[in-house]
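Undergrad: These protein sequences, in sequence, are chains A and B.
According to this note's numbering, the residues represented by the first sequence are 1 to 393, in order.
According to this note's numbering, the residues represented by the second sequence are 1001 to 1471, in order.
Bear in mind the hints are in silico, worked out from the structure with no lab data behind them.
Wrong hints could be hidden among the right ones.
[Unchecked claim] Looking from chain B toward chain A, a few residues come up when the C-beta cut is under 8 Å (computed):
1. SER1005
2. PHE1011
3. LEU1048
4. LEU1335
5. GLN1397
6. ALA1446
7. LEU1450
8. LEU1451
9. LEU1456
[Stated by the list, open to error] Derived Cβ-Cβ restraints for the label pairs, each shown as a range:
10. ARG1422(B) x PHE8(A): 19 to 29 Å
11. ARG1107(B) x ASP364(A): 30 to 40 Å
12. PHE8(A) x LEU1055(B): 36 to 46 Å
13. LEU1402(B) x GLY236(A): 46 to 56 Å
14. LEU40(A) x LEU1089(B): 57 to 67 Å
15. LEU245(A) x TRP1441(B): 52 to 62 Å
16. ASP127(A) x LEU1055(B): 50 to 60 Å
17. SER286(A) x ALA1394(B): 56 to 66 Å
18. ASP288(A) x VAL1118(B): 28 to 38 Å
19. GLY1389(B) x ASP238(A): 40 to 50 Å
20. ARG38(A) x GLY1109(B): 47 to 57 Å
21. LEU70(A) x LEU1296(B): 50 to 60 Å
22. PRO295(A) x LEU1402(B): 19 to 29 Å
[Claimed, not checked] Non-contacting residues of chain A with respect to chain B, defined by C-beta distances greater than 10 Å in every case (computed):
23. HIS6
24. ASP53
25. PHE77
26. ASN124
27. ASN160
28. ARG263
29. GLY298
30. ASP303
Predicted model only: the values in this text are computed from it and were never measured.
Where is the CB? At the ideal position from N, CA and C, for every residue including glycine.
Here's the letter readout for the chains.
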Amino acid sequence: MKRIAHWFMAVCFVGFLGAGLAASLLRSPQDFSFWENRMLASLPEPAPQSVGDGGYFTQLERYLADHAPLRSTLLRFKTRWDLALGRPVVNDVVVTSGSLLPFLPYMADDEQDIAHWAALMADNLADINAAVTEYGGYFCYAVVPCQSVSLADEYPWFLNSQARRSQMKAAAMAQAMAERGVPYLDVEAVLAQSGGSAQYASRVDNHYTMEGAFAAYRLILEKAAADTGLRFPILGPDGFRHEILPNEYIGSRERKLLNLERREEQLSILLPNEPVPFTRADNGVSVDPVVYRLPSGGDEAVDYSLYMGGDIARTVIDTGRDNLPSILIYGDSFTNPVECLAYLSFDETHSLDLRHYHDMGLLDYIRQFRPDIVVCIRDYDFMMATDGNGGGD
Amino acid sequence: MVFSSILFLFFFLPALLACYFCLPRRLRAWRNGVLLAFSLLFYACGGLSYLPVLLCSIAVNYLCGLLAAPGRPRALRRAGLWGAAVLGLGLLGWFKYAGFLCANLSRLGVRLDLPQIVLPIGISFFTFQGLSYVIDVYRGDAPCQRNPFYVALYVALFPQLVAGPIVRYSTVAQEIIGREETLSEFSHGTVRFLFGLGKKMLLANAMGEVADAVFAQSPAAMAAGTAWVGAAAYTLQIYFDFSAYSDMAIGLGRMFGFHFLENFNYPYISQSITEFWRRWHISLSSWFRDYVYIPLGGSRRSPARNILNLAAVWLLTGLWHGAAWTFVLWGAWFLLLLAGEKLLWGRGLARLPRVFRHGYTLLAVTASWVLFRSPSAAYAGAYFQAMLGLGGAADGQAVYYLLQYWPEWAACLIAALPVKNRLQSKLSRREGGPAALALVWCPKLAALALLALSYLKLATGSFNPFIYFQF
C-alpha cells in the first residue's frame, strides 16, 4: 500500500513537472491578453549586464508566468472562485449588487500636496491658454466625473471612494485656475446642482454614458459660447434620436472580471435628426465618415470603443461649413463620445490624444492650426496628472 | 531564482531530476557533480556576477578547513580558524555592512566614499554555513574534507543555499559521500516540498499583500485597527514565508537523499520568548548558541557576564538580519525579553494561566516584527503609537483586509497551530485499515491539491517575493 502511494506521488509530481515543461515549450505564445487589456511580456534577450545582475532571469520568469500553460483558463477559474468566496474586491473591481466599481487605494488626503499638483497642472494649462489667446482663440479646461465620483455612494462603507479627496482636488483645481485666469468648467459641480451625475454614470465602465457625454457636450459648448460670443449651433435633446444598441456591452470592469460578473447595461448612441455630411481623417488617412463603430451583427459584443472607434492619436472631421468656428478637443477617452456630437456644431473638429500623438507638440499644433476653440477634457482621476494629455508641449 | 517560480518548477527541477536520476546510483561522484553544477547554475540565475563571491567563500573555507584540521601544528590550526573567520566575515562585512558603517560615520562627520555595493543573494547563509564547517573541523566535531568538490557541494547545495536552513557539515558529511535515494524518500520529500510551496503561494503571499499595503502608509494617519491588522499580517507572512522556504529546502534535500534538520516548530504556540527562540529559525539560534554564546561562557558565568554574553548574541543576531538600526533595536528587544525572563519575570510568567503566557509571547513577537518591518526607528515608533490608538481615525481599512482575505486569515490560523501533527498522531494511535489508509494517502492528496492551487496562483499572479532572500 505504502509503495503504491509513493509511486503515485512520485509519478504525479514528476508528471506535472514534465507536462509543464512540455506545454511551456510547445505552446504558441500570444502577445496580448484581451481580458487583462495588456501586452504580455515578451521573451527577453540575454545581455551581459542583465545576466550579470540577474535581471535576465527575472524578465524570463515574468515571460514564463505571462505565458504559463493554461493561464487563461486558470484566470477564469481564479476569478470565478474569488467571486464565489465573496471577496469584496476581485481583480481590482469592487463588486456591489448594482455596480462594478474601481478599487481605490487608501491614501492620506494631504491638502498641501493636492494644492501643489493643482498649481503644477494649472501652470501647464495657463501656458496653453496663453498660446490660444495669443491669436484670439479660446481655451477651456473641462473636468468630468468618472465612475468612482458619480457612484461614490455605492461603495461599501469599509472601502474608500476617495470622495473627500475628489472634493479637495476639485476645490484646489478651481482655485488654481481662477488665480491664473484660465477658463475652467467642473462638469460634476454643475451636474450636482441638478440631481447629481449618478444618472450619467455607467455601472460597468469608468466612463460616463452617452447621456453623460451629451450633458458634458452642452455644458462645455454653452460656456464657450457665453465666454466668446461666438455663434455656433448647440443641439438640444430634440436635435437627436436616441438609439439603444441591443448588443451585449462589455464594460471595462466586466472585462477585468473576464465577463463572469454582469450588470445589465446597454450602450446607446445619439443620431442627429438633421445629419451633417462630413469627411474624416484618422492620423492623416481618410476613413469612412462615421463617428460610431457599429457592430457588424447582433451577436457581436460592443465596448466603449464604439465611440469614435476608440482612442486615436489624431482625428480631423471636416463638415465644410466655413461660417462656423473650428474646435480642437484633446484629452483621454472621455473625449470620444463628446466628439461624436461636437462635430455637428463646428466647421472643423480636431481631436488629439497626446498619449498616442507624437508628430508635434500640442502648442505647435495649436499655433499651426489655430482652432477657434480649444477644449481639454479630463476626468476627476486624471485632472491633475501632468503626463499624457495633461502635458503642455 | 526562487522555488515558487515557473522557471524552477518547469525547467530547472525537471532538468536536474532527469540528469541526476539518469545516472546509476553507483556513480556517486557523477551524481554529486550534477548536483554541484546545478547548484552553481541556480545561484548564477540570481546574478552571474555574484558567483565569484560564492566560489571565493568555498575556496576560503576549503583551504582553512585543511589548515584547521586536527593533527596539524597548533599555530597553523589557529591560522586556519582565524583565516576563515576574518576572510568569511570580512567578505560578509564588506558586502553587507560597509554601506551601513559609512552612512553612520558620515553622520559623525567622517566622509568615506564607497562604490555601489550590491548584496549577493544568500551571503549571510553560506558565510555562516562555511564558517561552521571550519570551526567544527578545528574542534574535531567534524571530519576535515580533503575533496574540494565535497566542500563546494556542502556550501553551495541549492536547496539551502540562498535562504537556509543553515546546515552543519556534520549533518550531511556522510550523506555527501554515501547517501541513499529511495522512492519513499523522494515521495516524502515531494510532499514536504509541496506543503512549503502551498504555504508560500497561498498564505505568505496573501499576508504579504496586506502587510505591504499597510506598511506603505504613513503611521501618523493610521487607524489602530489597520495598524494591528498590518502587524498581524506581517507576523503571519514572515513565518509562512520563511518556514515555507525551509519546508521546500528540506523536501528538495530529501528528494536527493539529504536530511536537513528542522528549522521551525510552530513558534507561535510558544508560551515564552525563550520557548519562541527554541522554535523559530532553529538553525540560526543554535549557530549563535554553539559558536558565540557558549564560547563566551554562556550562562555559567556571573549574571552580569551572562547578560553581556546575551547582548553580544542578540546584537549580532539583529545585525545578521540586516544592516540597519531597526535590526539592532529588534535584537535589543529580544535581549531585553530574554534577559527579563531569565532574571526577572520568568518564574512569575510560568505560574500564569496558559492564555496569558500565549498572549504575552504573541504580543512581544508581533511588536518585534513591527520593528523588523519598519523602514526606520522613527517609523516604528509612530507605528506603535498608531497601534495604541494615537494615529488617525478609523477608516474601514481593517475590515476590508479582514473580509478580502478571510479564507487566508482562517487558513493561516489553522496552519500556525500544530493541527496536522495532532491529526497524524491521533490517526497513528488508531488501529485498523481506514486510519492507516488515511495516514498514507491524505498527506499526498493534500500535497497534490496544494500543488494545483499553488500553480493557479503562480500562473495568475505576479506577487511572489521571498523575504529571506535579502539576508
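Undergrad: Now tell me if each hint is right for this structure.
TA: Taking the hints in turn, this is what the structure says about them:
| no. | hint | in the structure |
| --- | --- | --- |
| 1 | SER1005 | holds (5 Å) |
| 2 | PHE1011 | holds (6 Å) |
| 3 | LEU1048 | holds (5 Å) |
| 4 | LEU1335 | violated (35 Å) |
| 5 | GLN1397 | holds (5 Å) |
| 6 | ALA1446 | violated (11 Å) |
| 7 | LEU1450 | violated (12 Å) |
| 8 | LEU1451 | holds (6 Å) |
| 9 | LEU1456 | holds (5 Å) |
| 10 | ARG1422(B) x PHE8(A): 19 to 29 Å | holds (25 Å) |
| 11 | ARG1107(B) x ASP364(A): 30 to 40 Å | violated (50 Å) |
| 12 | PHE8(A) x LEU1055(B): 36 to 46 Å | holds (41 Å) |
| 13 | LEU1402(B) x GLY236(A): 46 to 56 Å | holds (51 Å) |
| 14 | LEU40(A) x LEU1089(B): 57 to 67 Å | violated (45 Å) |
| 15 | LEU245(A) x TRP1441(B): 52 to 62 Å | holds (55 Å) |
| 16 | ASP127(A) x LEU1055(B): 50 to 60 Å | holds (58 Å) |
| 17 | SER286(A) x ALA1394(B): 56 to 66 Å | holds (59 Å) |
| 18 | ASP288(A) x VAL1118(B): 28 to 38 Å | violated (56 Å) |
| 19 | GLY1389(B) x ASP238(A): 40 to 50 Å | violated (60 Å) |
| 20 | ARG38(A) x GLY1109(B): 47 to 57 Å | holds (50 Å) |
| 21 | LEU70(A) x LEU1296(B): 50 to 60 Å | holds (56 Å) |
| 22 | PRO295(A) x LEU1402(B): 19 to 29 Å | violated (43 Å) |
| 23 | HIS6 | violated (4 Å) |
| 24 | ASP53 | violated (5 Å) |
| 25 | PHE77 | violated (7 Å) |
| 26 | ASN124 | holds (28 Å) |
| 27 | ASN160 | violated (7 Å) |
| 28 | ARG263 | holds (21 Å) |
| 29 | GLY298 | holds (33 Å) |
| 30 | ASP303 | holds (23 Å) |
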